[in-house]
Structure formats: structure tokens, C-alpha cells
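When the count follows the numbering used here, it moves up by one through the sequence shown with no breaks and lands on 622 for the last residue.
Worth double-checking, as some hints may not be accurate.
Heads up, simulated BS3-like pairs for lysine-lysine below, C-alpha to C-alpha not over 27 Å straight-line [as the list claims (entries may be wrong)]:
no.	residue 1	residue 2
1	K292	K412
2	K224	K213
3	K222	K616
4	K224	K613
5	K224	K614
Here are the in silico distance ranges between beta carbons for each label pair [stated by the list, open to error]:
no.	residue 1	residue 2	range
6	L207	N367	24 to 32 Å
7	K332	G151	41 to 49 Å
8	V82	M547	52 to 60 Å
9	R407	S383	19 to 27 Å
10	L241	D382	46 to 54 Å
11	N367	E234	30 to 38 Å
12	E590	T274	43 to 51 Å
13	P448	K332	41 to 49 Å
14	S504	D344	41 to 49 Å
15	E590	D611	21 to 29 Å
16	N549	F169	55 to 63 Å
17	W172	S284	52 to 60 Å
18	E234	D334	20 to 28 Å
These are computed hints drawn from the structure, not numbers from a lab.
Small disclaimer: the values here were computed from a predicted structure and weren't measured.
We put the CB at the ideal spot given by N, CA and C, even for glycine.
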Amino acid sequence: MTKENRDKYLKQRWNVSKAVCKIVCLLLVPCISYLLFEYVTGNLATVSVSMAVLNIAWMYVLYLMLFAVSGTTRAAVPVVSVFLLVLSLAEAFVVAFRDRPILLWDAMAFKTAMTVSGNYTFVITQEMKIACVCVILMNIALWFMPFRIRGWKLRLAAGAGTAVAIGGFAAWFFTSLVPGWGLGINMWAVNDTYKEYGYVLSTAVSLQYMVKKPPQGYSTAKLKEIHDRLEEEEQVRLASLGSVSLEDDSITPVNLICIMNESLSDLRTAGDFTTNTEYFPFISSLEENTVKGSLCVPVFGSLTSNSEFEFLTGDSMALLPSNSIAYQFNVKPDTYSMVSTLKDQGYDAVAMHPYPGENWNRVECYNNMGFDAFLDEEFYEDSEQLRNYVSDAADYDKLISVVESKRAPEDKLFIFNVTMQNHGGYEEEYDNFEQEVWLTGEYEGLYPKTDQYLSLMKKSDEAFQYLLEYFSKVDEPTMIVMFGDHQPSVEDEFFDAIAGMPSSEVPVQDHLMWYETPFIIWTNYDMPSRDMGKLGAVYLSSEVLRMANLELTPYNRFLLQMEEVLPVVHFLGCYDREGNYYYWAKAESERCPYQDMVLDYEALVYNHSLDRKKYKDMFVIK
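Using the sequences and the hints given, assemble the complete structure.
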């Protein structure tokens, strides 16, 4: 062999070796991304080999998609690898301070997350540092081993081929693999699913929950049948009253004030403990003209807007796409709610919240519901703060100013106020916040987050006393409603301790104890007092309308009928008056004595929140 031929041969071998090396390295990129991702999140050891393979397959999809668009690995590899790295860091941070993974729906609430992120302590771990270095080194190395598709025809063909391949893989995954393997998200223990499946696979599996199919038997005819039955019952009721008019002492409030108090709860619903002093002395003392109870809300520790949604609409989050955020997807223009019902009866509607209006998409949602005004953080400028948030007392001062600014005292006003004082986290020390309450007995000194939280509850109690004392001296009939949106994210160990067992061992039907918050309905005029016990959040606005002697929509009347037999409707299931528990599949079946009512409710919620064609007559006052 001549020297020229030998050199040519060696050059060819070198080129082939480089090409093979380049292909191998590029094929390893999704594998490396997977290993680094779960290394950062701490789930590398908990994901099985089969689940790891599926995670890597979906990462291949991401890389292929961007490669098909860009035509070069010099764009696809850095963009996707850095995106996955950032996502893994965010996932580790979010799980650390919220004890819940980042879900698809959370992307819609990114602005909300950013506004509160400054109140948490972020710790950069060794794993994070190593992962960052590895991604940088990987991208530097692969920058010198690019793979390109040249020419628009070839890129078009490659793009089409990639689209077909990805579409085929996705179709096989969702129609065959997911049902065949029984892949799904455990909505109670979401973290467990993500630890078992891995993050990317879990996210892919959660796509199946993005769409909610109509309930069985759903049709316009069914909605009409429900509506006509309710109207007939109402006519019978009115006829039975004859010529009897409303009692002389029946009062409708001029001022109707509803306060959703951030993280307000009585942790004793979850177990027994003692404190050095009472943290709800005023609320506990309320007896006259007061209705109390325990509100069963759909969330724990976060996702405030879902409790807000259930209160204002009467629609259960259990019947919307699993783990979704209703304010991001389900509140469209001209949404019927408590707001529209009150506006139809002459009330001006004002929403108040001492934080950015963009949080939870409130600006758009409040506009879609028909609020006349939304007073957000700008309205609270220079208000007193407790820790890093406007205090309840300062918030109520602003609320009072809104009432006092009415054109005439007799003008009807509905205020929906969402507070911020008690928002998590609870681990920092503050110059403007004095610790007044702490756990005693066996738990003393063990749970500092809980201690701070309980001290905040006492501040909320004091502020509520101030608010009610002010309105007790106001001449206009006033009804004030206050409830908590969810329990706080304090130490998991505290909840385990007071429950007497690890949370994972508590029977599902008993999980409701972590979803209870207090509610109070108070008036500055005579009203019968009572304790309503446990009440689903979906019922509270209808109860408020009834107690205020206001007209009800057919939907309100349906909800009040359902409340009589199923006082708690929750994503955990349904609970009847006797405390019997029905998980949703059972509630929908013939084994449940309330099947017909449950199925009717499912149809109404679907129409109200998911169907573009609303059955208007059900949700408006005639």
C-alpha cells in the first residue's frame, strides 16, 4: 500500500471514528440529562430501570423536537439541556419549601410563584453545583461535535419524519402503555408518584388529566330536566306560602363583606396540642348573631385560588381536571358566580387583595366574573406590614375606607377581600413581628414554624375583633363572612405527631382533617346563631345568599338541596349527614343512595366550568 493510499485510508477511518463518536455522544445526551435531573432532585435511586428508560425516551422527544426546528445540535443540545437543568433546580427548590412537585398547571402560575419566592430560603446543594458543572462541560464538548441538517428540503423532510415519529410514540404511549401499565398520578401523594416515575415521565403521564370528558349521560336535555325540576319545586314552595309575605324582621344586608383569610386555620382539627395562650380568643367567644363551622377546602398548604374558586362558583375542584388551577383555565368571560348573582340584585362588587393583581390570574378572573373594581397592592401602598406582608389590621382599615367611600350609606356593596398576612414561610425572624404563642408540653421548642404560625393566628383574631367592633357601631345592616383558604405548610413532623401516626398511614376518609378551616358568618343585626359543623366550600356562598335573604339562582337552590344530604363534597369524596364516606367512584355508582344527585351535580359543574355552551337559565335569577 502506497503512502498516499495509507494516508487516505487512515483519514477515512478517522472520519468514520469521529462520526461514530459524535453519534454516540449525542445519543448519550438525553441519558446524561436524565441522570443529572434526578441526581439534583434526589430521586435517582427511587426510579426503576423501566421508568428511567421512559424518562429518557421523553427527553429524546424534547431534543428531537428542537433539533428538527433548529436543524443543528448546537442549538438543540444547549437549549434543552439548560432548560432541564433549570427545571431540576426549580423542582428541588419547590419540593423543599412547598413539599409538592412542579406540575404542568404551575407553569401558568409562574408570576405568582416569583412574587412569593423571596420569602423562602433557598439552599444550593452540592448536587446542584455538580450538575451545573457537568452540563457546562457537556455543552462545551458537544459544541465541537455538531450535527447539522443542510438545505431547506432536507430540513423539511427531517422535520416531517421527526413529527411522525414523535406522534407515533405519543400515540403508543397514551393509548397503549399508559392504560396497559396503569400509569397515573396519585393525587393524594403526588410526591410519591414523582419519586417512583421520575419527573419527566410523571409530567408526561399528567398530560392525560389536561382534558376532562363530559360525564356519563351529559346532554342539554339532562340540564333542562334538572332545571325544570328545580323550577317546579320552587313554584310548589312559593304556592305553599300563599299570601304570606316575608317577615317584618327579615333583613337583607346593605354591606356584604366576604373575607378569605390567607392560611387561616385551627390546627386542632388535625390533632391535639397545647399552647401557652389561646390563639383564637375572640373568634371562640363569638356567640350572638354568629354562624360558625368548619369549611372543607380543596387544597392544603398552597393553591389558594382553588378555594376561592369553589366559594365563588359552587363548583368542586374534584370534577375539574385533576390537580388543575381553575383560575388559569376555567373562569371565562361572563362567568356566572356569586358576583353575578349579587350584581343582579343591585350590589356594586369590589375585590380587594394587598398583593400583585396578576397572582393566580386574578385581574382577568375578577373581570370575567363581573367585579366592578379590583383594588390590589397599589391601593395598599404604605400600609402597615407584619413580616413581609400587609397585616390583617391594615387590610381591614382599607376595607373600612371602601365602605365609608360609598356615594350613599344605603348603596348596596359586596366586598370580596383576600388577605396576605399569614402567607408562608414561617422560618425567618422579623423585627416587626413578636412571637406571642408557642407550643407547650411535649411539643415545646420542636416546631418553630408552627409557633410562628400560631402567633400569626392570634394577630388575625385581634384584627377580626377590631373589624367586627367597628361594624357593630355602623347603622347599615352588614354581614361579614370570613374563612380560611387552606391549612399552612408548617413542619410535616408536627402533623404526624399530633395525628399520632405518619400521614401516609392515615385512612383516606380521615384526610379531611387537613382540609378544614374555620368559617364565621356574623351580622350587626339579629340573626339566629348556630354551629353548622363541617361544610363543603362549594356550599358557603349559597348559604350566605340564603342567610342574607337574597334571591337564589336554580344552581344555588340545587346546591342547598345537595347540602342537606351531602354536607361535604370534596376531592377526597362525599360525606353524608351521618358521616358516611363515599369515594367518588362509589358516589357515582348504584351503591350510593345519593347517586342521582351526584350525577346531576357532575353535569351542572361540567356545564358551568367546562362547557362553552352554558345553560344560562340555571345560573341566573329570573
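Hint check results:
Straight-line distance between C-alpha atoms of K292 and K412 comes to about 24 Å, which keeps the hinted pair within the 27 Å bound. For the suggested pair K224 and K213, the alpha carbons sit about 20 Å apart, so the restraint of at most 27 Å is met. Between K222 and K616 the alpha-carbon distance is near 14 Å, which keeps this suggested pair within the 27 Å criterion. Restraint check for K224 and K613: the C-alpha separation of about 13 Å stays at or below 27 Å, so the hint holds.
A distance of roughly 11 Å separates the Cα atoms of K224 and K614; the hinted pair therefore holds under the 27 Å criterion. Checked against the given bound of 24 to 32 Å, the beta carbons of L207 and N367, roughly 29 Å apart, stay inside it. A hinted range of 41 to 49 Å for the beta carbons of K332 and G151 is consistent with their spacing of about 45 Å. For V82 and M547, the Cβ-Cβ distance of about 55 Å falls inside the hinted range of 52 to 60 Å, so the restraint holds.
Our hint of 19 to 27 Å for R407 and S383 holds, since their Cβ atoms are close to 24 Å apart. Between L241 and D382, the C-beta spacing of about 53 Å keeps the proposed range 46 to 54 Å intact. Against the hinted window of 30 to 38 Å, the Cβ-Cβ separation of N367 and E234 comes to about 31 Å, which satisfies the hint. Here the CB-CB span from E590 to T274 is close to 47 Å, well matched to the stated 43 to 51 Å.
Here the CB-CB span from P448 to K332 is close to 43 Å, well matched to the stated 41 to 49 Å. In this structure, S504 and D344 meet the distance hint of 41 to 49 Å, their C-beta atoms being roughly 47 Å apart. Between E590 and D611 the beta carbons are some 26 Å apart, a value that agrees with the proposed interval 21 to 29 Å. The given range of 55 to 63 Å is respected by N549 and F169, whose C-beta atoms sit roughly 60 Å from each other.
Checked against the hint of 52 to 60 Å, the pair W172 and S284 passes, with Cβ atoms roughly 59 Å apart. Range check, E234 to D334: about 24 Å between beta-carbon atoms, so the 20 to 28 Å window is met.
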